[in-house]
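Q: The primary structure of each chain is shown beneath.
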Amino acid sequence: MSCLANKAEDALSASSGFLTSTGISLKPVYYQTILTDFPEIGFFEIHAENYLSKGGPAPYFLAKIREHYPITVHGVGLSIGSESPLDVEHLERVATLVETFQPEMFSEHLAWSSHYSHYLNDLLPVPYDQTTLDRVCQHIDQIQERLQRPMLLENPSAYFEFARSEMSEVEFLSAITKRTGCGLLLDVNNVEVSCFNRRGDPYEYLNAFPMDAVGQIHLAGHTMDANQNLPLKIDSHDDTVCQDVWALYQHTLRLAGDIPTLIERDGKLPTINELMKEAQFADELRQAVIQERHHELTL
Amino acid sequence: MNSHFKSALFSQDASFYNEIKADSLAEKETRLNIYRNNVFVSLIEALSDIFPVTHSIVGDDFFRAMARTYIVEHPPSSPILREYGQSFADFIRGFEAANSLPFLADLAALERNLLTLTHEREQDTLTREEVATVFAKVEDPSTLYINLPSSTQLFASPFAIGSLYHAHQSDGKLRLDEVDIYESEYLLICKSFLYAQLHVIRFSEACFLKNLLQHKSLEEAIPDEADFDLGNMLAKLIEWQLISRISNQPPAIYQQEK
Numbered sequence: 105m106s107c108l109a110n111k112a113e114d115a116l117s118a119s120s121g122f123l124t125s126t127g128i129s130l131k132p133v134y135y136q137t138i139l140t141d142f143p144e145i146g147f148f149e150i151h152a153e154n155y156l157s158k159g160g161p162a163p164y165f166l167a168k169i170r171e172h173y174p175i176t177v178h179g180v181g182l183s184i185g186s187e188s189p190l191d192v193e194h195l196e197r198v199a200t201l202v203e204t205f206q207p208e209m210f211s212e213h214l215a216w217s218s219h220y221s222h223y224l225n226d227l228l229p230v231p232y233d234q235t236t237l238d239r240v241c242q243h244i245d246q247i248q249e250r251l252q253r254p255m256l257l258e259n260p261s262a263y264f265e266f267a268r269s270e271m272s273e274v275e276f277l278s279a280i281t282k283r284t285g286c287g288l289l290l291d292v293n294n295v296e297v298s299c300f301n302r303r304g305d306p307y308e309y310l311n312a313f314p315m316d317a318v319g320q321i322h323l324a325g326h327t328m329d330a331n332q333n334l335p336l337k338i339d340s341h342d343d344t345v346c347q348d349v350w351a352l353y354q355h356t357l358r359l360a361g362d363i364p365t366l367i368e369r370d371g372k373l374p375t376i377n378e379l380m381k382e383a384q385f386a387d388e389l390r391q392a393v394i395q396e397r398h399h400e401l402t403l
Numbered sequence: 018m019n020s021h022f023k024s025a026l027f028s029q030d031a032s033f034y035n036e037i038k039a040d041s042l043a044e045k046e047t048r049l050n051i052y053r054n055n056v057f058v059s060l061i062e063a064l065s066d067i068f069p070v071t072h073s074i075v076g077d078d079f080f081r082a083m084a085r086t087y088i089v090e091h092p093p094s095s096p097i098l099r100e101y102g103q104s105f106a107d108f109i110r111g112f113e114a115a116n117s118l119p120f121l122a123d124l125a126a127l128e129r130n131l132l133t134l135t136h137e138r139e140q141d142t143l144t145r146e147e148v149a150t151v152f153a154k155v156e157d158p159s160t161l162y163i164n165l166p167s168s169t170q171l172f173a174s175p176f177a178i179g180s181l182y183h184a185h186q187s188d189g190k191l192r193l194d195e196v197d198i199y200e201s202e203y204l205l206i207c208k209s210f211l212y213a214q215l216h217v218i219r220f221s222e223a224c225f226l227k228n229l230l231q232h233k234s235l236e237e238a239i240p241d242e243a244d245f246d247l248g249n250m251l252a253k254l255i256e257w258q259l260i261s262r263i264s265n266q267p268p269a270i271y272q273q274e275k
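Same order as they appear, the protein sequences are chains X and G.
Residue numbers for the first sequence follow this note's numbering, so the first one is 105 and each next one is one higher.
Residue numbers for the second sequence follow this note's numbering, so the first one is 18 and each next one is one higher.
To be clear, the hints were calculated from the coordinates, so they are not data collected in a lab.
All residues carry an ideal CB built from backbone N, CA and C; glycine is no exception.
Hints are supplied without guarantee of correctness; some may be wrong.
Below are the DMTMM-like pairs computed for lysine to aspartate or glutamate, each with C-alpha atoms no more than 20 Å apart in a straight line [as the list claims (entries may be wrong)]:
| # | chain 1 | residue 1 | chain 2 | residue 2 |
| --- | --- | --- | --- | --- |
| 1 | X | Lys372 | G | Asp66 |
| 2 | X | Lys168 | G | Asp141 |
| 3 | X | Lys158 | G | Glu137 |
| 4 | X | Lys372 | G | Glu62 |
| 5 | X | Lys158 | X | Glu187 |
Pulled a few chain G residues facing chain X out of the computed Cβ check, cut under 10 Å [said to hold, decoys possible]:
| # | residue |
| --- | --- |
| 6 | Ala43 |
| 7 | Ser94 |
| 8 | Ser95 |
| 9 | Ile97 |
| 10 | Leu118 |
| 11 | His185 |
| 12 | Ile239 |
Counterexamples of contact, computed for chain G against chain X with all Cβ distances above 10 Å [said to hold, decoys possible]:
| # | residue |
| --- | --- |
| 13 | Ala39 |
| 14 | Ala106 |
| 15 | Asn130 |
| 16 | Tyr162 |
| 17 | Ser201 |
Model the full structure from these sequences, guided by the hints.
A: Written out as structure tokens, the structure reads:
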């Protein structure tokens, strides 16, 4: 009985870590530090495709870390926007990973990366038209049915718009959530990158975004492309979160209230302490918004 | 649209530009170039992660050019990138610019092999104490059967690729100028616990281990080679944690086959 009660408490405290305290990307260079120092971090996010081995260090260390922290699983290879059918074998592997490690959330991208048997390792954009909407919704239905849980779909970072698009990105994402019941992962850095690249206003984008559907936020760094012709921002995930993105994040929290947040980093990895500082800064902004809202309610 | 987009990424095909909203052809090209660049840079990096020693030996410019050609001819088929490059060694063998490095394809195959093995499921092996306990109980150890994990592999290489690989590791155990690449080598590739291991072994040790993999008893497995030292070989197998089972019988499956 007491053992069960303890387990329930552990489960509760673990998931409240995800809800209230900002997480960071899990990378192999951090495994030892995490398992030695047990730093105070809300949760760790993994890329599904890096943890699908039968053996080796990745599943071993993930299992150890999962004993102490909540995790979220972020897929980068299901290619939801593809014209070709979903890779059922890959979906099966991802589903097994989700069943094994019981993440707080499973998320994927509004993008395509595979065309039949070719994988291009980039998140490529889709046109926002009725045909694509139908196909994306069908793929999300298929994933949610297999995973037996709702997933989150991430807004893309894009470098061009399709001439054939019939609706805005926000309209497209809103329609998907209504039809499939999936949630959204709002990547605030992607909002900055895409709006800059299509010469739009990121605040207007956020004001129109269906915040009720947002289950998680991503914050990351970006860089300027080196081309001399046209200023374009690249979603590089290899730098600290910049001031513009922090301001957009604060605006998002004011619109939506507190939302579980991740500091996403994939390149030029700093020490785990550097990422924790950014996570703590996000926590401070979240606390400030909770207090603002509380103050408004009591007034 | 996907297949049209894909061919525009891999070529300078301009017909896809009709799909892109922009004021000029130059703008369309600049925008599409971001994706072209992302695809190649990320896949070149993936190959570099899988073949770090190959990369280091040929240098950055050569590796990137070679990888680029490979990516166009053999794009990945799986979203699990660590599985990429299965045909890279064969590609190198036919890549004319790499002809002056006749060992390069074998080295790439070795790197690919080690990574694949690292990601395979772990097999239980006996601890030093467990091995000692078994040996203490038997009167005549020569009648014993020693099994190695089924993933254990032996190779004879015409080049010293095992030493070349070791000389590129950061442990500093072997210097590059100590390696004579034109010496042949016997290699043991095996896994215990999380990571694949590579050992350069003697011919006599390779013969012995091959016999063990064929489920011969210790007595039958000892090669007729003057330099073979059974005690030393067993000590190495214990240190590498490569003994999965010791018994006075061959494994049951093998007995049935007999």
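Q: Each hint should be assessed against the structure and marked as holding or not.
A: We went through each hint and held it up to the structure:
1. Among the hinted pairs, Lys372 of chain X with Asp66 of chain G is consistent with the structure: their alpha-carbon atoms are about 15 Å apart, no more than 20 Å.
2. Restraint check: the Cα-Cα separation between Lys168 of chain X and Asp141 of chain G comes to about 19 Å, which is no more than 20 Å; the hinted pair holds.
3. Of the supplied pair hints, the one linking Lys158 of chain X and Glu137 of chain G holds, its CA atoms being roughly 5 Å apart against a limit of 20 Å.
4. Restraint check for Lys372 of chain X and Glu62 of chain G: the C-alpha separation of about 13 Å stays at or below 20 Å, so the hint holds.
5. At roughly 30 Å between alpha-carbon atoms, Lys158 of chain X and Glu187 of chain X are farther apart than 20 Å, so this suggested pair is violated.
6. At its closest, the beta carbon of Ala43 of chain G sits 6 Å from a beta carbon of chain X; the interface hint therefore holds under the 10 Å criterion.
7. Interface hint status for Ser94 of chain G: upheld, as the beta-carbon distance to the closest one in chain X is roughly 5 Å, under 10 Å.
8. Given the 10 Å rule on beta carbons, the hint for Ser95 of chain G holds: about 6 Å separates it from the nearest Cβ of chain X.
9. Look at Ile97 of chain G: its Cβ gets to within about 5 Å of chain X, closer than 10 Å, so that hint holds up.
10. About 27 Å separates the beta-carbon of Leu118 of chain G from the nearest beta-carbon of chain X, more than 10 Å, and the hint is not met.
11. Among the interface hints, the one on His185 of chain G is violated; its C-beta lies about 20 Å from the nearest C-beta in chain X, farther than the 10 Å criterion.
12. Interface restraint check: Ile239 of chain G against chain X, minimum CB-CB distance 32 Å, threshold 10 Å, status violated.
13. Not every beta carbon of chain X lies more than 10 Å from that of Ala39 of chain G, the smallest distance being close to 7 Å; the non-interface claim is violated.
14. Residue-level check passed: Ala106 of chain G sits 20 Å from the nearest beta carbon of chain X, beyond 10 Å.
15. With 10 Å as the threshold on Cβ separation, the claim that Asn130 of chain G sits away from chain X holds: the shortest Cβ distance comes to roughly 14 Å.
16. The non-interface label for Tyr162 of chain G is consistent with chain X: the shortest C-beta to C-beta separation is roughly 25 Å, beyond 10 Å.
17. No beta-carbon of chain X comes within 10 Å of the beta-carbon of Ser201 of chain G; the shortest separation is about 30 Å.
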